[in-house]
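Participant: Hey, can you work out the whole structure from these sequences and the hints?
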Amino acid sequence: MTTTAPQQRSGTLLPSLTGMRFIAAMIVFLFHSTYELPFANAGMGHASQFVMQKAGPMAVAFFFILSGFILTYTWKPGVPARTFWRRRFARIFPNHAVAWAVALVCLLALGQAVGLDVALPNLLMLHPWIPRVQNMFSMDVVSWSLACEAWFYLAAPLLFLLVNKIAERRLWLWAGVVVVAIFLVPLVANLLPATPMYYTSPVWRVWLVELLPVTRALDFFLGMVLARVIKAGKWPGLGVLPSLGIVVLAYLAGIFVLPVSYGYVAIGTSLALVIGACAAADIKGRRTPFSSNTMVRLGELAFAFYLVHWMVLHFGHLALGPGRTWDTPTAIGLIALAFVISAPLAWLLHTGVERPAEKWISGRRRPAPRPRPTAAPVS
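Position 72, counted from 1, in the sequence shown is what the UniProt record's numbering calls 72; the numbers after and before it change by one each time, with no gaps.
It should be emphasised that the hints constitute simulated quantities derived from the structure, not laboratory data.
Honestly, I wouldn't trust all of these hints.
Cβ-Cβ distance ranges computed for the label pairs, FRET-style [unchecked claim]: (1) 164 x 110: 45 to 55 Å; (2) 284 x 46: 37 to 47 Å; (3) 80 x 177: 26 to 36 Å; (4) 355 x 113: 30 to 40 Å; (5) 126 x 81: 14 to 24 Å; (6) 257 x 177: 16 to 26 Å; (7) 101 x 197: 28 to 38 Å; (8) 199 x 355: 32 to 42 Å; (9) 81 x 320: 43 to 53 Å; (10) 181 x 327: 43 to 53 Å; (11) 126 x 355: 25 to 35 Å; (12) 46 x 237: 37 to 47 Å; (13) 46 x 330: 13 to 23 Å; (14) 164 x 241: 26 to 36 Å.
Result set (DSSO-like, lysine-lysine): computed pairs, CA atoms no more than 27 Å apart in a straight line [as the list claims (entries may be wrong)]: (15) 234 x 76; (16) 234 x 165; (17) 165 x 231; (18) 284 x 231; (19) 76 x 359; (20) 76 x 231; (21) 165 x 76.
From a predicted model like this one, the values you see are computed outputs, not experimental measurements.
No residue lacks a Cβ here, since even glycine has one placed at the ideal position from N, Cα and C.
Facilitator: Shown next, in the form of structure tokens:
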């Protein structure tokens, strides 16, 4: 297998991985929409929550694995750590700051108190380190995963050195070791205090399994090892559809068989197979369900969509009436309306903040190219 990815029809390196980001963002949207409890019909509410219960954590694990994969796959030796950090800062912080400000305005407008002990750690992306519900899920609630990414980026230059020291023949062994480590996290979590509770799960265990940057970095590192596997030509040939089938089986096991925390990690780690299969297909120039130009464009909006969707769902629900429920057709219509509102807001955030900030911060230190002498002016 070739180890250099060609430029695809979409003009994007590894377009399937970009397209998959939109699918993952939509899964998180549907997950949060069911947990807003919009259905007056109790059976419909329970059914939707049961089906989607592991979907949100699954999608977040996908984002973490994908992030490690992409950064390692595109890593250029010799890039100073400071340059890397500046580019990553440009990628995530401007959007985060805008979402934080919007969340603050919405919370205050709806009469909810916002303490400095909650708002400031969130703005500084420190809140996943604090095992307190008020901090863990604060402001724009989904920002905890973005904060984890920021800490992954901080550690990435060191992790690049570590992952590049792994001999090619041992890459799959290391992938297995990381997966085992991920499965051990819930076991360790069971040793933590059983109170206080966050819904039906102990806060300390939710924090360790789902939010703590140190443990979630295992997903990121799994993606890094997977990128080395692909670059080394060690992918076993598992196709996109079979890998998706494995994810479906893992998801069914996660909701029907495995305990809560183990269901999260089983589904999340299985997504590494889909990432590897799609990357291998892109490298060979094969089409996948995620590689079209439309999917790539939607994938480029996924980050902004991820940041705005919860605020539309949650603050919209509060504006219509806290705890209010609707008949099934109306509830589905309101969920669809939330998507219709979130999509253009995501486009505005992407085009008005994300891209300009990334270009300005990432490129502000690049020296202007000197004009080359020509024999005659070219019109």
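Participant: For the pair we were handed, residue 234 and residue 76, check the Cα-Cα distance against 27 Å.
Facilitator: holds, 20 Å
Participant: Does the structure keep residue 76 and residue 359 at a Cα separation of 27 Å or less?
Facilitator: holds, 19 Å
Participant: Can the suggested window of 25 to 35 Å be confirmed for the beta-carbon pair residue 126 and residue 355?
Facilitator: holds, 27 Å
Participant: Taking the Cβ atom of residue 164 and the Cβ atom of residue 241, is their distance within the range 26 to 36 Å?
Facilitator: holds, 32 Å
Participant: Can you confirm whether the C-alpha distance between residue 234 and residue 165 stays at or below 27 Å?
Facilitator: Holds: residue 234 and residue 165 sit about 16 Å apart, inside 27 Å.
Participant: I want to verify a distance hint. Is the separation of the beta carbons of residue 101 and residue 197 within 28 to 38 Å?
Facilitator: Since the Cβ atoms of residue 101 and residue 197 sit about 31 Å apart, the hinted range of 28 to 38 Å holds.
Participant: Range hint 32 to 42 Å: satisfied by the CB atoms of residue 199 and residue 355?
Facilitator: At roughly 37 Å between Cβ atoms, residue 355 and residue 199 fall inside 32 to 42 Å, so the hint holds.
Participant: For the pair supplied as a hint, residue 284 and residue 231, confirm whether the alpha-carbon distance does not exceed 27 Å.
Facilitator: holds, 12 Å
Participant: Does the Cβ distance between residue 164 and residue 110 fall inside 45 to 55 Å?
Facilitator: Taking Cβ atoms as reference, residue 164 and residue 110 lie about 49 Å apart, which means the hint holds.
Participant: Would you say the C-beta atoms of residue 284 and residue 46 sit inside 37 to 47 Å of each other?
Facilitator: holds, 44 Å
Participant: Verify the CB-CB distance for residue 80 and residue 177 against the hinted window 26 to 36 Å.
Facilitator: holds, 30 Å
Participant: Holds or violated: 37 to 47 Å for the Cβ distance of residue 46 and residue 237?
Facilitator: holds, 41 Å
The structure is consistent with each of the numbered hints, conforming to all of them.
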